[in-house]
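Chains as they are written, first to last, in this note's numbering: chain A, 1 to 208; chain B, 1 to 208.
No lab work stands behind these hints: they were computed from the structure. Certain hints may be false.
If several chains are the same, the list does not tell them apart, and a pair holds so long as it fits within one copy or across any two.
Straight line, CA to CA, 27 angstroms or less: simulated DSS-like cross-link-like pairs of lysine-lysine [said to hold, decoys possible]:
| id | residue 1 | residue 2 |
| --- | --- | --- |
| 1 | Lys27 | Lys88 |
| 2 | Lys201 | Lys144 |
| 3 | Lys163 | Lys149 |
| 4 | Lys144 | Lys115 |
| 5 | Lys54 | Lys145 |
| 6 | Lys163 | Lys54 |
Number of protein chains: 2
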Amino acid sequence: MSHTTWTPMIFIVSAPSGAGKTTLCDKLQAEFKNLHYAITATTRPSREGEVNGKHYYFLTEDEFERRLKSGDFFETAVVHGYRYGSPKSPVIEALRAGRDVLMNLDVQGAAVIRKCVAAAPPGDPLHRELVDIFVVPPSLETLKKRLVKRGKDTDETIERRLKQAKEEISHWQEYKYKVVNDDLAEAYDNMRAIILAERHKTRNRADD
Amino acid sequence: MSHTTWTPMIFIVSAPSGAGKTTLCDKLQAEFKNLHYAITATTRPSREGEVNGKHYYFLTEDEFERRLKSGDFFETAVVHGYRYGSPKSPVIEALRAGRDVLMNLDVQGAAVIRKCVAAAPPGDPLHRELVDIFVVPPSLETLKKRLVKRGKDTDETIERRLKQAKEEISHWQEYKYKVVNDDLAEAYDNMRAIILAERHKTRNRADD
Chain A
1 MSHTTWTPMI FIVSAPSGAG KTTLCDKLQA EFKNLHYAIT ATTRPSREGE VNGKHYYFLT
61 EDEFERRLKS GDFFETAVVH GYRYGSPKSP VIEALRAGRD VLMNLDVQGA AVIRKCVAAA
121 PPGDPLHREL VDIFVVPPSL ETLKKRLVKR GKDTDETIER RLKQAKEEIS HWQEYKYKVV
181 NDDLAEAYDN MRAIILAERH KTRNRADD
Chain B
1 MSHTTWTPMI FIVSAPSGAG KTTLCDKLQA EFKNLHYAIT ATTRPSREGE VNGKHYYFLT
61 EDEFERRLKS GDFFETAVVH GYRYGSPKSP VIEALRAGRD VLMNLDVQGA AVIRKCVAAA
121 PPGDPLHREL VDIFVVPPSL ETLKKRLVKR GKDTDETIER RLKQAKEEIS HWQEYKYKVV
181 NDDLAEAYDN MRAIILAERH KTRNRADD
């Protein structure tokens, strides 16, 4: 009788900008060493402090195109003229190595991965449990205060972000879990609880 | 937007004798004040230190019979000539008051409640999420060592308990979650995680 293993799974975290998603994902990676954090590929130049393979995979247009043609992206998007894509192969490698995968995605990206995983037939490395979590601010008023306090955006940008947040939040029911980030410690306790609980689902047990 | 409430649910914990179920349930009650711990009714006399309404509802034969006839028991059993029953009304009252219910049941008892809750039609106070957790010792060898160390049982009783444990453990796949109690702190962390995670399931959210 061995009771220590589970079938590796895919965790998706989505949240409107300013809900604290990045902080929560960083904390999850710090606690759960087994988590593989899926990184986005992009053709935009790296900014100061950004590390290739840690924050993004920085690719040339040619390399991006080559990978796209070989079918290595779950999804791609163009933002401000630069291309972005979620590479499949590192996700599949991590799952094969027995690691859970953590993906930080917007509502549209999450929908694509959800569909892709649901369509994976038995035997396919992506045929597995997908656990999606939507992180929300306690209210739009709180979100606005946080964005103002952060001081990174103009009033106009803040209004645009709020409008976008409202639209994104309307999708919360597409997710399996919803965590309100009012108090960071409490929100994190709930996020880690979801990971621990999912690993203890009978149907996810890889043991006897 | 209020995000702090969930639809109260029923948690069932089952485990073979010696797996640490009582300690884990006590710890859950200490942390989650909202949990209503469902108590069994019995016609057996109270033992030293047992409190009516805390450890058991101690009933006379007549009172037990009256409640049985009024349909107030989920299930009843006879052990060593005494009657035992799981009363429905305190569970329903707790759920109506917005409290989650924690039931400590054997495999047979859990099966009865599971069936009863699954059969409850919409509008029925029992029509709700049932979350069942099976707690197992790391191995039958460990369980044996624990029972020997506890020093409460004869060799014969220990052998009987082990045989029963083996039979009970064979039912683990009937449960939604399985928690191995190797290290108590770790097992407890996983138990509380299950409660927290279930409260954050989108479909259990009572808010917007």
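**Message:** Need the list of violated hint numbers for this structure, in ascending order.
**Reply:** 4, 5 and 6
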